[in-house]
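Chemist: Can you join these two chains into the complex? Each is in its own frame, and there are hints to help.
Heads up: the protein sequence lines correspond to chains U and F, in order.
Using our numbering, the first residue of the first sequence is number 1, and each one after it goes up by one.
Using our numbering, the first residue of the second sequence is number 305, and each one after it goes up by one.
These are calculated hints, taken from the structure and not from any lab test.
Using N, Cα and C, we set each Cβ at its ideal position, and we do this for glycine too.
Don't take each hint at face value.
Computed spacing ranges between beta-carbons, pair by pair [unchecked claim]:
1. U:R20 x F:N478: 30 to 40 Å
2. F:L378 x U:L46: 40 to 50 Å
3. F:V643 x U:P54: 39 to 49 Å
4. F:A644 x U:T63: 47 to 57 Å
5. U:G114 x F:A644: 18 to 28 Å
6. U:Q237 x F:Y389: 29 to 39 Å
Interface residues of chain U toward chain F, partial, derived using beta-carbon atoms under 7 Å [to be verified]:
7. L34
8. P54
9. W56
10. W58
11. N59
12. G97
13. G129
14. W234
15. V238
16. L241
17. A274
The chain contents come next:
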Amino acid sequence: MSSAPSPITTRALPGTGMRRIYGYVFRGLTYLALILLVGLSAWMVLGVVGRAIPNWQWNVLWTTTKGTGGGLLNAILGTLLLMVGVFIIAGTIGVMGGIHMAELAKPRANGKMGRVSAFLRTCTEILAGFPSIVLGYVGYVALVVGLHWGFSLLPALIILSMMVIPYIAKATEGALRQVPTNYREGAEALGMSTGYSLRKVVLKTALPGITTGLLLALAIASGETAPLLYTANWSDQVPSLQLIGKPVGYLTYPVWTFYNLPEQSAHTLAYDAALLLVVLIFTLLITARIIVARTQRNAEGRVA
Amino acid sequence: MTTLAGTTEAPHTDPSRDPLPRRAVTFLRTHEERMWHWGGRAAAVIPLVALGFALTVLIVKAMPAVRVNGLGFLTRTSWNPGSTYGATVRTNGVAHPLNVSYGAWPMVVGTVQSSVIAVVLAVPLAVGAAFALTERIPRWLSRPLGFTIEVLAGIPSVIIGLWGVLTFGPWLSNNVYPLIADNVPDVPVLRYFLPPVGHGQGLATSGIILALMIVPIIAATTRDLFLQVPPLPREGAVALGMTDYEVARKVTLRWVSSGIIGATVLGLARALGETIAVAMVSGAILGRVAPNIYASMTTIAATIVTQLDSASTDGTGFAVATLAEAALVLAVISVLVNVAARLIISRTGRNGAPIGRG
Numbered sequence: 001m002s003s004a005p006s007p008i009t010t011r012a013l014p015g016t017g018m019r020r021i022y023g024y025v026f027r028g029l030t031y032l033a034l035i036l037l038v039g040l041s042a043w044m045v046l047g048v049v050g051r052a053i054p055n056w057q058w059n060v061l062w063t064t065t066k067g068t069g070g071g072l073l074n075a076i077l078g079t080l081l082l083m084v085g086v087f088i089i090a091g092t093i094g095v096m097g098g099i100h101m102a103e104l105a106k107p108r109a110n111g112k113m114g115r116v117s118a119f120l121r122t123c124t125e126i127l128a129g130f131p132s133i134v135l136g137y138v139g140y141v142a143l144v145v146g147l148h149w150g151f152s153l154l155p156a157l158i159i160l161s162m163m164v165i166p167y168i169a170k171a172t173e174g175a176l177r178q179v180p181t182n183y184r185e186g187a188e189a190l191g192m193s194t195g196y197s198l199r200k201v202v203l204k205t206a207l208p209g210i211t212t213g214l215l216l217a218l219a220i221a222s223g224e225t226a227p228l229l230y231t232a233n234w235s236d237q238v239p240s241l242q243l244i245g246k247p248v249g250y251l252t253y254p255v256w257t258f259y260n261l262p263e264q265s266a267h268t269l270a271y272d273a274a275l276l277l278v279v280l281i282f283t284l285l286i287t288a289r290i291i292v293a294r295t296q297r298n299a300e301g302r303v304a
Numbered sequence: 305m306t307t308l309a310g311t312t313e314a315p316h317t318d319p320s321r322d323p324l325p326r327r328a329v330t331f332l333r334t335h336e337e338r339m340w341h342w343g344g345r346a347a348a349v350i351p352l353v354a355l356g357f358a359l360t361v362l363i364v365k366a367m368p369a370v371r372v373n374g375l376g377f378l379t380r381t382s383w384n385p386g387s388t389y390g391a392t393v394r395t396n397g398v399a400h401p402l403n404v405s406y407g408a409w410p411m412v413v414g415t416v417q418s419s420v421i422a423v424v425l426a427v428p429l430a431v432g433a434a435f436a437l438t439e440r441i442p443r444w445l446s447r448p449l450g451f452t453i454e455v456l457a458g459i460p461s462v463i464i465g466l467w468g469v470l471t472f473g474p475w476l477s478n479n480v481y482p483l484i485a486d487n488v489p490d491v492p493v494l495r496y497f498l499p500p501v502g503h504g505q506g507l508a509t510s511g512i513i514l515a516l517m518i519v520p521i522i523a524a525t526t527r528d529l530f531l532q533v534p535p536l537p538r539e540g541a542v543a544l545g546m547t548d549y550e551v552a553r554k555v556t557l558r559w560v561s562s563g564i565i566g567a568t569v570l571g572l573a574r575a576l577g578e579t580i581a582v583a584m585v586s587g588a589i590l591g592r593v594a595p596n597i598y599a600s601m602t603t604i605a606a607t608i609v610t611q612l613d614s615a616s617t618d619g620t621g622f623a624v625a626t627l628a629e630a631a632l633v634l635a636v637i638s639v640l641v642n643v644a645a646r647l648i649i650s651r652t653g654r655n656g657a658p659i660g661r662g
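Excised from the complex, chain F in its bound form (with noise of 0.2 Å):
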């Protein structure tokens, strides 16, 4: 009540509290509004900049390596920065170094793999465990509970990472993998869980540290989602002898099902953008697309971020320009991926969950 109050009181009757001088204040006070709104425009334009921003920068900086890579730069797998001692070469009247042949396919390959290893490991674990703490979990365990995955959230990139690579990744590949490894046949698909399963750093590692950290984008909108369903239909399926399973698939998951996709598909952004953690678990490997799912290899952000180092020293540039070029193919694969996501987020607003808006 506190608020209004102290709102009641009639607004600036007294010019002496104020510690402004007495002009400045007639002038905020007449023109209040109007500063708000023009304050307002202006910060709302900011993100627009920024995108702005920075694509335009990333396209200019990646033409030079577009006009030499050319459209190959998507399929080749060779990664080699050319003789940075040698005479360099124009190509197109860009200047690069001897024998430069950059290719990203890869490292185009291994964001997608682990993103959708993260993915699949991702959602039902999310999805489950907000299940379990919103329908079975009493709210006193719940919310310390709910706590834990708010704490996943916020851990820096670096600290998981950090565990993967001496924690997490060597255990994995000691007790884990070879399990998996020695008990696969070797048919068509699964012969890609076949043995060598590596030292902890790679494919399989990355998918597993990245689900962990999209985990709780869905687990948080999940849980959310799951509370506003109403409770009758739900208590109406419970009365009509339902158990457990049938009202979560055929009432509660049915209600929020395109808001989960939503969230899944936000994950999925994360997880391809994703770079320190997996630059730590992954091996960091270029040039070569992982044989097995146990195999080191690289993803596009990590490749900038461990490169950018040794790139700065071509004195051509040409290096930098190609890593523009990645992340400028980075860029693209995420920004389409999120207006997936809002495009199935907005569906779910004009469609779904008629009962639950009151």
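One chain only, chain U, in its complex shape (with noise of 0.2 Å):
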């Protein structure tokens, strides 16, 4: 891993005239951009923030929403049974894939992508360009009508998988790609097969990585609400494992759905939902950020 080319700075600018100014003008707008964004991301999430505290009530956590009042137990619970399920469903399917475009794909004699590989490479990508309420309304139309499902837990995962797949599979494939070949080598030196070196050395080392794509994938997959509108639908009850035929509640439909209601205690539940949406988030970034300080450090030891 190359440490990044430090900046090459220059205190003051070269030039006389125009030169001079537009090389001011230039520091500054760039200066400007940078604070213009991290201002407005750092306004959007104090300002979400700040609505929900004064709002926050702790019975959220164990009561369970009536009509547009209650607490949203139903919709915490429901939150994580969907990332587990994409955990699992979409995890598994990710990386697999991704090993397979790294590992796996046999490259041509001339050293490219065979046909196939990168047709469905291809299909990767498009998929992960693809709207995500265009999947939802797929999933309602062919899983809940068409299968006769009802809104449930199953199509909400299938949808959900659908969408994620190609982040996990980009990762992963990033991830592998960062193992030195070194280690490859060496492994096949002492006699491992592809499959034992796949699985003893190489995931091994590209295990960090993954996990953070995994943790990202998670991050999107539970704050996303058009593709589960129309598939898991809404319930006040709390979930179980039933997976078709019972919907599910989570935690992004009351911000989208009571926020604009006229009564003041679905605002409270959707000001709740969004706090509790931020930290979920947040929690799985900085999750995702020291996993990867953590491996960088360990890293540059091990070159030093």
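Modeler: See below:
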């Protein structure tokens, strides 16, 4: 892992007249862009948190929603259940797909990707950019209505997994490509089979990167609304493991539906759900960050 | 080193340590490689299956609507679900309510307009911020600031929408839009910026919110690209006495421009398909092209999410089929844009950056 090139910093700008002025204007504009971005992000997060905290009630954590009031226990558990399901389905398929793309798909003699691999990769990338509401709609007409599954857990999991598999595959592939070739060569020199060295050497080394990808995919999945509205729908009840025929609640629903209802209790729930979502996403992102930082420190230490 | 040390022990010498029955273990070991291969292949095919499934469902579902709505679907402005209580009529063998008239023109225009505004705003912001992060700011500061951009990428769109509709949109319509609207001359293009400025839900707000949502995509790619530009040409440029602006314009940006274009097109694809945030801040007005830049509008994605509920009350199923047609239009647009982005990026891989590869 090479360290980033250090910024070339010239404190005073060279040049005279207009060139110099352009230089300063450009420098100022780049700072302005950064400040705007950071400022707006901070405003967004603090704005939502700031509205939510005066409305916060601890009892939303252990009571279920009743109409437009009550708590959010059903939504919290529903979101966790969806995350676990996506982790299992999309995690397995995505990681396997990433392993295939990085390690197993045989390159052609000239070192380029085979035509089939290239086509499959294009499909993965197109699926990554596919509008989530279109997938949600497909889930609704084909699975919920078409197969008579009703609003329930399974269609929601299938659609969410379809959304995040490309992310996980991409992250896994990237992590595997970072594993030094020496490791693979060493494993082969020790007489390990490809499968064994993959399991014991390559995957183990790439694990932090794969985990980071999985955490980011879970962050995406838990923050989605559009693909869930017409697949999981919404339920006041605590979710169960029943796969079809029973709707599931989740945290983004109250934010989307309750924020412009007239009742104060609905607003409170919308803000509380928003706060919980922000906390959840931050936890996932910061965990991913810590894993990356730790691996980088180890990697640098190892090289030195 | 632990990984390597751990692997030096001879593989499978002590079968008693294995939790699985011996025969299963032997089977797994002899067939391990083949299982990795077949598992990988199966998983790699799933995106293709998913994509094929989605497109097939859309096409099958949209066929009846295509037969009734015809090509005019793309150019009509009206959105009239017909009289659901009246008698059903048949056109070309497809049952639908009396007097239906569906047109997608306003939402196609709204989708394109809001996405273009988003890209126009996002590219300078993202490139500028990436430039400041990689070239100007010391590492201890650029890491946390880079993290804020990562956070922006992770925030759920429903939260961005909530902030946009309750805080940001009203603030814009009270403080920023009047400033623009009152100072714009009444000439052809700029006429679009004239009052009324509305209440903060509309085209401009949607565009700005979308810009915020795609900035992280463009900024992250641009930052990685900037870091790949080898220092020598830049140092050479600095040694020749170039200013920041000249180094950026003549060396750094030249080096990575097609990568940035690719990332921008990916951002465009994301903006075209974004749903919830736009549904919240666009005003979601059907059947009208926005008369000025502040006015309420809708996009294809926002229309699907807001209309599917009421569409399912149409007993003939025609409204749901029409939404399938809209979804198909959106899917085709997004696939085309994505493929364009891939072509641009793969061209970059071939032509660009001769030294940076080392």
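Chemist: Each hint should be assessed against the structure and marked as holding or not.
Modeler: So, going through the hints one by one against the coordinates:
Look at U:R20 against F:N478: about 39 Å separates their beta carbons, and that is inside 30 to 40 Å. Separated by about 43 Å at the C-beta atoms, F:L378 and U:L46 satisfy the suggested range of 40 to 50 Å. Here the CB-CB span from F:V643 to U:P54 is close to 48 Å, well matched to the stated 39 to 49 Å. Between F:A644 and U:T63 the Cβ separation comes to about 50 Å, which falls inside the hinted range of 47 to 57 Å.
In this structure the hint that U:G114 and F:A644 lie 18 to 28 Å apart at CB holds, the actual value being about 23 Å. At roughly 34 Å, the beta carbons of U:Q237 and F:Y389 sit within the given window of 29 to 39 Å. Given hint, U:L34 at the interface with chain F, holds; its Cβ is 4 Å from that chain's nearest Cβ, closer than 7 Å. This hint is violated: U:P54 has a C-beta 14 Å from the nearest C-beta of chain F, more than the 7 Å allowed.
Among the interface hints, the one on U:W56 is violated; its C-beta lies about 15 Å from the nearest C-beta in chain F, farther than the 7 Å criterion. The criterion of a C-beta within 7 Å of any C-beta in chain F is not met by U:W58, whose closest approach is roughly 21 Å, and the hint is violated. The beta carbon of U:N59 is not positioned within 7 Å of any beta carbon in chain F (closest approach about 22 Å), and the interface hint is therefore violated. Because the closest C-beta pair between U:G97 and chain F is about 4 Å apart, less than 7 Å, the hint holds.
Hint status for U:G129 relative to chain F: holds, with the closest Cβ pair at about 4 Å, below 7 Å. Below 7 Å, beta-carbon pairs count as interface contacts, and U:W234 has none with chain F, the closest being about 12 Å; its hint is therefore violated. The interface hint given for U:V238 is violated, since its Cβ lies 22 Å from the closest Cβ of chain F, which is over the 7 Å cut-off. The criterion of a C-beta within 7 Å of any C-beta in chain F is not met by U:L241, whose closest approach is roughly 23 Å, and the hint is violated.
Because the beta carbon of U:A274 sits about 6 Å from the nearest beta carbon in chain F, less than 7 Å, this interface hint is met.
Comparing the model with each numbered hint stated earlier shows that hints 8, 9, 10, 11, 14, 15 and 16 do not hold.
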